[in-house]
Structure formats: C-alpha cells, structure tokens
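Student: So the sequences go chain by chain: W and R. If you number the first sequence the way this note's numbering does, the last residue is 114 and the count never jumps. If you number the second sequence the way this note's numbering does, the last residue is 118 and the count never jumps.
For the record, the hints were derived by calculation from the structure and aren't laboratory data. No experiment lies behind these values; they were computed from the predicted model shown. Check the hints yourself; a few may be wrong.
Keeping only pairs whose Cα atoms sit at most 25 Å apart, straight-line, the calculated DSS-like set for lysine-lysine is [claimed, not checked]:
hint: 1; chain 1: R; residue 1: Lys70; chain 2: R; residue 2: Lys38
hint: 2; chain 1: W; residue 1: Lys44; chain 2: R; residue 2: Lys105
hint: 3; chain 1: W; residue 1: Lys44; chain 2: R; residue 2: Lys110
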Amino acid sequence: NAGVTQTPKFRILKIGQSMTLQCTQDMNHNYMYWYRQDPGMGLKLIYYSVGAGITDKGEVPNGYNVSRSTTEDFPLRLELAAPSQTSVYFCASSFELASNQPQHFGDGTRLSIL
Amino acid sequence: AQKVTQAQTEISVVEKEDVTLDCVYETRDTTYYLFWYKQPPSGELVFLIRRNSFDEQNEISGRYSWNFQKSTSSFNFTITASQVVDSAVYFCALSEAVYGGSNYKLTFGKGTLLTVNP
Chain W
1 NAGVTQTPKF
11 RILKIGQSMT
21 LQCTQDMNHN
31 YMYWYRQDPG
41 MGLKLIYYSV
51 GAGITDKGEV
61 PNGYNVSRST
71 TEDFPLRLEL
81 AAPSQTSVYF
91 CASSFELASN
101 QPQHFGDGTR
111 LSIL
Chain R
1 AQKVTQAQTE
11 ISVVEKEDVT
21 LDCVYETRDT
31 TYYLFWYKQP
41 PSGELVFLIR
51 RNSFDEQNEI
61 SGRYSWNFQK
71 STSSFNFTIT
81 ASQVVDSAVY
91 FCALSEAVYG
101 GSNYKLTFGK
111 GTLLTVNP
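Chain W extracted, bound-state conformation (with noise of 0.2 Å):
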C-alpha cells in the first residue's frame, strides 16, 4: 500500500552540486508531476508527464530536468544547485491528467542549497 513514494526525505546541497531526486509509484498512474512548495506558499509545478517517454514543462522548469522511462518512475534532476532550489518537493501522481481526477501526492523531499 505504498502509494507514491520520494527519496530522499531530506538533503543539503552546495551550490553547483547536482543530485536526483527519487519519486515512484505502484498505482499505475499514467500522469506524475513535480511541484515545489517554498515556504508560505503554494505550489508550483515544474513538470509533468502524461506517460512513459512523454514529459512537458509547467509553471517553473529552469533549473531541472526529468525523465520518464517506465510507469512507475519519474525522477527529477538539478544539474547546478543553486540557492533558488531550496524548497520541498513534492511528487504526485494520478489515473487521469489532474485536471478532473485527484493527485496522490508523496511525502515530500526538503531540500536545502548552501
């Protein structure tokens, strides 16, 4: 009963290190997503995939790049840290495009640039 699980819970990052943050799913979702929630805010999604091998940008993708190679995964990656990046991170996923279903979103990753 996993769900939409996200590794790793927390990191700290110098700045131009890059890392890859870990989602996955055991739902069969088609559609994931990647949001970031910076601290009084809501969140902004940074890009999205409607199916293996097919990713498309959302509201703030500079800075990141991800990939979608199977159902279940969709990892995303900072090639440069920079502090701008700090942020939760969170993973979602859903059966349909999220404008009429409900997104399972995962636990988030804290991220912190230094």
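Given the coordinates of chain W, assemble chain R onto it according to the supplied hints.
Tutor: Frame of chain W; chain R shown alone:
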C-alpha cells in the same frame, strides 16, 4: 491566466467552533476543476474534494462542507465543530481543462493556516 486567492493567511479558532476558509478564483475557461487539499503539520498533502465547473451542488462530508458559487467565483470550505486534528494548512487549487495532455496547469492558492485550540 488562472489565479487562486486565499485571502485568509491564518485563522485561529477554539475547538467546536465552526470555521469557513475562503477561496476565490479567476479563469477564462468555462470548463475547470477546483480542489481542496489539506497539509497537516507532518507535511503530506491530503486530497479533500474535487468539483467541476458544471456542478454547483454543495457537498457535505461529515463535518466538512463546500459551497461552490460560480456567480462570485468562490469555492469556500466550512468545517463544523472544529477539532484540534483539523489544524493544518488548507490549499485551494484550480485546473483548467486541457486536451491532448499538453499545456496542463494547476494553480494553487497560498494556503490558509488553520489552528484549532483546545
């Protein structure tokens, strides 16, 4: 452009009080979807309700109720007889219908922090 405004940044109530969280949205689409999510102190996001633009019927689920009014572009959320466990940040969100999977956009409000004191 779509926009969601939650004007109440923080609300504090005493247990058993009723509380209403306001949500006002802007969109140019005639077909759209509205959501409420709860984020408790533990940080996870919990889906509460979805409403499409063609269904203005109010909904009640236990102590929770939602009032959707297209005339005022509002989708307000009321908790009756609040409990300490209701303490959380509540987010309202709006999504316009898209076709073909591209240009998807989901806009969240900034959230309302609800604190229910014993």
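Student: Where does the structure disagree with the numbered hints, that is, which hint numbers, in rising order?
Tutor: As far as the earlier hints go, not one is violated by this structure.
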